[in-house]
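Please work from the sequences and hints to get the whole structure.
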Amino acid sequence: MGEFLSLHDAVARNLHPGDTVAFEGFTHLIPHAAAHEAIRQGIGDLTLIRMTPDIVYDQMIGMGLARRVVFSYAGNPGVGLLRRMRDAIENAYPRSIETVEHSHSAMAQAYEAGASGLPCAIFRGYKGAELPKVNPDIKSVICPFTGEELAAIPAHRPDVTFIHAQRATQKGDVLIEGIIGVQKEAALAAKRVVVTVEEVVPSFAGLHPNLCILPHWTIDAIAVVPGGAHPSYAHGYYARDNAAYLEWDKISSDRDTFAAWMEENVLSAGPEAFATRVESLR
Amino acid sequence: MTDFTPTEMMTIAAARALGNDDVCFVGIGAPSAACNVARLTHAPDITLIYESGTIGTAPDVLPLSIGDGELCETALCTVAVPEMFRYWLMGGRISIGFLGAAQLDRFGNINTTVIGDYAHPKVRLPGGGGAPEIATSCGEIFITLKQAQRSMVDKIDFFTSFGHGDGGDHRQRLGITTKGPTLLITDLAIWRPHPQTKEFTVTSLHRGVTRQMVQDNCGWPVRYADDLDETPAPTDLELGTLRDLHARTDAAHRGARHA
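Protein sequence lines correspond, in order, to chains X and G.
The first sequence maps to residues 1 to 282 in the working numbering.
The second sequence maps to residues 1 to 259 in the working numbering.
These are computed hints drawn from the structure, not numbers from a lab.
Among the hints, a few may not be true.
As the list claims (entries may be wrong) - If you anchor each label on the Cβ, the simulated ranges turn out as follows:
no., chain 1, residue 1, chain 2, residue 2, range
1, X, E264, G, G116, 31 to 39 Å
2, G, L237, X, E264, 21 to 29 Å
3, X, E149, G, D244, 44 to 52 Å
Said to hold, decoys possible - Some residues of chain X that are not near chain G, with every Cβ distance over 12 Å (derived):
no., residue
4, D137
5, V200
6, A243
7, N265
All residues carry an ideal CB built from backbone N, CA and C; glycine is no exception.
Pasting the structure below:
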């Protein structure tokens, strides 16, 4: 029920080895601090769900925490490839990973189906595309009214979803603004929800009535981590660190450079480091 | 007339294909530059949509990713990603989808998934993102890419998104009701599908480009329209707009804060 915890405890209590987990945020509000905490705690054998694995999963995969990755775009957005994820797929380094690949439309609708309590998402998709041949989770159904063949994929039902948001009230209600992505759907599809936030405010009274809000009773744990989305961004708080995304291409291109970077910036660091990282981006 | 690069010609030729009334689903890279040059020159009211859910964006700098804050701050509105794909894309509200490609074949089929075998790829590329449904749900598809033997190939390694399949009426046979690829703009030429076969045919060569150059950078035997044109060179306004946009973008992405 929106319990405020340290990031360490929020992760330790809610993420377990072997879990199916989504760290969501569509380019915006990516929960990097929470992912780093999972890496520090070495919680592995995970099935990672995310539309764009992005740097956040490149790091988790590179540290060997992933067994299976469910995704729709394995790129470093605007930069190029995800080199740790590629190394895992192409060379099984540091371990082999199973990939379950979808389109963005399919992934978004699988979260929506999960949030709706439905067993599958049904949509017009994948026509002529080859993914259905390599992903047995992509099937089809016939519309009982028109006879149209439609794509069907299983709903996403993560054991736990992590998101980062701008604000929580003291009661634990959470507000997301800007590019809201699939976070609401990913949270409501999950059995447990952990949210990191930029700050806590007394209440949301007086704000616009149509904001994207997750009530405190939909959330299990909240940790206050200013800067916790870096190098992605928090609309109204700090900008995307595009330079860091460009740099990641070099860091991730070499196994040893990657390992040294993770040691210095993740394993030997704590959540408080994030506030410093976004200072120049505010 | 200022001199221009082939890539600049490609982007400007692509921009010219977009109209003021178009609703355009924009991919990152060359499509994004072209769409914004169109908006900043002859099509000020064009609606640009990025798959992050931003509708009617007017960015001052090109986004590095499809979800940069700039897109949301300058958008008419921002919707959730499931809504973007359901109501706006699948609902048939988007007139043009603008895609790039790692590999493209003569029928406009696109691969951005793998080079080599899917299970044991030689190169694992990012994958489709929104493209599989953009390719079939938008009214029509424009494609832009730099020509090379390795990008314009006889057979693509993986069908990430469907163009005209084997050509002819293949789309209709799969029950796809949209037009699919209607325009290909490269750094050397403008191509359009043949009305019956749907094979991409060169309709216009950019200034200074020869047929030999087009063939040397294409993996299938190139066909030409009977009335082959020369693409008009970029105007000072077009070139200035594109270069200013890139200069602002480079400054912003290197970490300099812009107002």
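Okay, the hints, checked on the actual structure:
One distance hint, 31 to 39 Å for the beta-carbon pair E264 (chain X) and G116 (chain G), holds here, with the actual separation near 35 Å. Between L237 (chain G) and E264 (chain X) the C-beta distance comes to about 49 Å, which lies outside the given range of 21 to 29 Å. Distance hint check: the CB atoms of E149 (chain X) and D244 (chain G) are about 48 Å apart, consistent with the given range 44 to 52 Å. Against chain G, the non-interface label of D137 (chain X) holds: every CB pair exceeds 12 Å, the least being about 15 Å.
No Cβ of chain G comes within 12 Å of the Cβ of V200 (chain X); the nearest lies about 23 Å off, and the non-interface call holds. With a cut of 12 Å on Cβ distances, A243 (chain X) falls inside the contact zone with chain G, its closest approach being about 4 Å. Once the 12 Å rule is applied to beta carbons, N265 (chain X) is consistent with being away from chain G; the minimum gap is 18 Å.
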